[in-house]
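Peer 1: Listed below are the residues making up each chain.
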Amino acid sequence: MSKKVLVLGEAREGALRNVSFEAIGAAKQVADGGEVVGVLIGDSVQDLAQEMVQHGADRVVTVEHPHLKTYTSDGFGQAFMAVVDQESPEGIVFAHTANGKDLAPKIASKLQSGLISDVTAIEGEGDDATFIRPIYSGKAFEKVRVKEGLLFFTIRPNNIEAPAKEEGRSGDISSLSVDITNLRTIIEDVVRKSTDGVDLSEAKVIVAGGRGVKSAEGFEPLQELADLLGGAVGASRGACDADYVDYSLQIGQTGKVVTPDLYIAAGISGAIQHLAGMSNSKVIVAINKDPEANIFKVADYGIVGDLFEVVPMLTEEFRKMM
Amino acid sequence: MNIYVLIKRTFDTEEKIAVSNGKIQEDGAEFIINPYDEYAIEEAIQVRDEHGGEVTVVTMGEEEAEKQLRTALAMGADKAVLINTEDDLEELDQFTVASVLAEYLKDKEADLILAGNVAIDGGSGQVGPRVAERLGINCVTTITDLKIDGSDVTIVRDMEGDSETIKTSLPLLVTAQQGLNEPRYPSLPGIMKAKKKPLEELELDDLDIEEDDVEAKVETVEVYLPPKKEAGRILEGDLSDQVSELASLLRNEAKVI
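Taken in order, these protein sequences are the chains called A and B. Residue numbers for the first sequence follow our numbering, so the first one is 1 and each next one is one higher. Residue numbers for the second sequence follow our numbering, so the first one is 1 and each next one is one higher.
None of these hints come from the bench; they were simulated from the model. Honestly, I wouldn't trust all of these hints.
[Unchecked claim] Taking lysine-lysine and the DSBU-like style, the derived pairs with C-alpha atoms no more than 35 Å apart in a straight line are:
| id | chain 1 | residue 1 | chain 2 | residue 2 |
| --- | --- | --- | --- | --- |
| 1 | A | Lys147 | B | Lys23 |
| 2 | B | Lys229 | A | Lys143 |
| 3 | A | Lys28 | A | Lys110 |
| 4 | B | Lys16 | A | Lys289 |
| 5 | B | Lys229 | A | Lys320 |
| 6 | A | Lys110 | B | Lys228 |
| 7 | B | Lys228 | B | Lys16 |
| 8 | A | Lys214 | B | Lys167 |
| 9 | A | Lys297 | B | Lys255 |
| 10 | B | Lys79 | B | Lys67 |
| 11 | A | Lys143 | B | Lys255 |
| 12 | A | Lys165 | A | Lys204 |
| 13 | B | Lys67 | A | Lys143 |
| 14 | B | Lys229 | A | Lys147 |
| 15 | A | Lys204 | B | Lys229 |
| 16 | A | Lys297 | B | Lys23 |
| 17 | B | Lys195 | A | Lys110 |
| 18 | A | Lys147 | B | Lys108 |
| 19 | B | Lys16 | A | Lys143 |
| 20 | B | Lys167 | A | Lys110 |
| 21 | A | Lys165 | B | Lys255 |
| 22 | A | Lys289 | B | Lys229 |
| 23 | A | Lys110 | A | Lys147 |
| 24 | B | Lys67 | B | Lys106 |
| 25 | B | Lys106 | A | Lys147 |
Since this is a predicted model, take the numbers as computed values, not measurements.
Extracted from the complex, chain A is given alone in its bound form (with noise of 0.2 Å):
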């Protein structure tokens, strides 16, 4: 049976993250050939409705209100409520992002619904829809089905593709007045550590460095083949803890869960918690002084070798490639 399914968009810095592409994509399978409706919420929010719809949303709903400037859970909770109330959808997808993880538990508590967080994978369509998510830190996964009521589900960036972008395609576009009233928590201040450019969790290439790397300055050959390879800087928790970079570029357990098509591990053991965050990229290079690290078990190839000889050798190899 055919379901219509909200999309809800997520911006950052004006641009929408690819992850809500994806969501779209997500949607598609699930609506079984009914309509996808993207939802924006924000302050200013309408020039990125079009984009959805070009990324292959049905249409767009927008909620716009000086209040919802920032992610706060009860002004966004209350705008898509306001959207559910007219839409009555039968399916809801979110990114699993930081404000994802958050919204997603509070609407399905509303909802009274299920709630499947985390999926990397669709089978099937429509109701036969079976998700699947990674449990156990990524060492085990389950598919999981909603018995009853609303497919509530969210997504994990740069897992499920999403639809080729179509200049041409076109879609209704509305917008939703709503009085976003009582906010019980406020946002004093934001201090944002993430670096510019590529956002970590959605890089299709990551050069990633531990311990091995020894300083901040020796993340300096690491940043330049990432941007020689149009990707993103990452770090284990090791390299954070010992101050050679800033904690919003961890990978790991605690910090970000990433799934690039290229993971290169520099100087990184490879510890359980560190694995937690990456295993699960489509291709590991590890290069690691050590043969016995951790890190050679999950590699797809390895070099062992010291770093700061390597990644400028790797770098000059793919200029010469490029």
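Place chain B on chain A using the hints.
Peer 2: What follows is chain B alone, placed relative to chain A:
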């Protein structure tokens, strides 16, 4: 201050994971307090020590979870509650767990409820915010700092590495992120005292809950291990040859460049 901490007994994910009959093998495995819940317990104890009051740790699950509750008591919590659903619920999801916990908490007049931001086994991170929503109280997730002044609360929230400073008020539910504090180990006197601290055991009947009202909305149909990765290739030869080989493999074999 009336403080509650929601904890979960989890499989230690540093253990080797094996699957048999569609379930994770638990025999002989080590069980622990979910590490994020330890931050919640520690914070609760610190808040109580500063502002006075009482810390009650609550878990839902099987008889075995008593051990984790005793550990929390040994750390310094005052009371423990086990909502034992072993005989009543076969299948449960996050809706079920949050519904039961909210039903237990609804008349407790909690000022502050703490939980871990995610459990390392199921990894959904839903139960805390769901409970707050059911109770109709304020909620902030993944916090790394908490300051309470009367009923005003200032919180630092971790947002994928960025941090937000948030003002809110009690009653409040927060979920703990790593960095909130350094959980203490139970001391020997703490362990001795914990044996005498009250541990109440409840069943769904005691909470006037009908099983149908908390029936799971989603179900797990299969659990499996990721496909075994073929052993990786450790390249050999001159370092410069290894590097050119790697570049070429990434382009032509793995096709990721």
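Peer 1: Now tell me, hint by hint, if it's right for this structure.
Peer 2: Right, here's what the structure says about each hint:
no., hint, in the structure
1, Lys147(A) with Lys23(B), "holds (19 Å)"
2, Lys229(B) with Lys143(A), "holds (20 Å)"
3, Lys28(A) with Lys110(A), "holds (24 Å)"
4, Lys16(B) with Lys289(A), "holds (26 Å)"
5, Lys229(B) with Lys320(A), "holds (31 Å)"
6, Lys110(A) with Lys228(B), "violated (40 Å)"
7, Lys228(B) with Lys16(B), "holds (14 Å)"
8, Lys214(A) with Lys167(B), "violated (38 Å)"
9, Lys297(A) with Lys255(B), "holds (21 Å)"
10, Lys79(B) with Lys67(B), "holds (14 Å)"
11, Lys143(A) with Lys255(B), "holds (29 Å)"
12, Lys165(A) with Lys204(A), "holds (18 Å)"
13, Lys67(B) with Lys143(A), "holds (30 Å)"
14, Lys229(B) with Lys147(A), "holds (33 Å)"
15, Lys204(A) with Lys229(B), "holds (20 Å)"
16, Lys297(A) with Lys23(B), "holds (25 Å)"
17, Lys195(B) with Lys110(A), "violated (39 Å)"
18, Lys147(A) with Lys108(B), "holds (32 Å)"
19, Lys16(B) with Lys143(A), "holds (20 Å)"
20, Lys167(B) with Lys110(A), "holds (23 Å)"
21, Lys165(A) with Lys255(B), "holds (23 Å)"
22, Lys289(A) with Lys229(B), "holds (22 Å)"
23, Lys110(A) with Lys147(A), "holds (18 Å)"
24, Lys67(B) with Lys106(B), "holds (26 Å)"
25, Lys106(B) with Lys147(A), "holds (27 Å)"
The structure is inconsistent with the numbered hints 6, 8, 17, although it conforms to all the rest.
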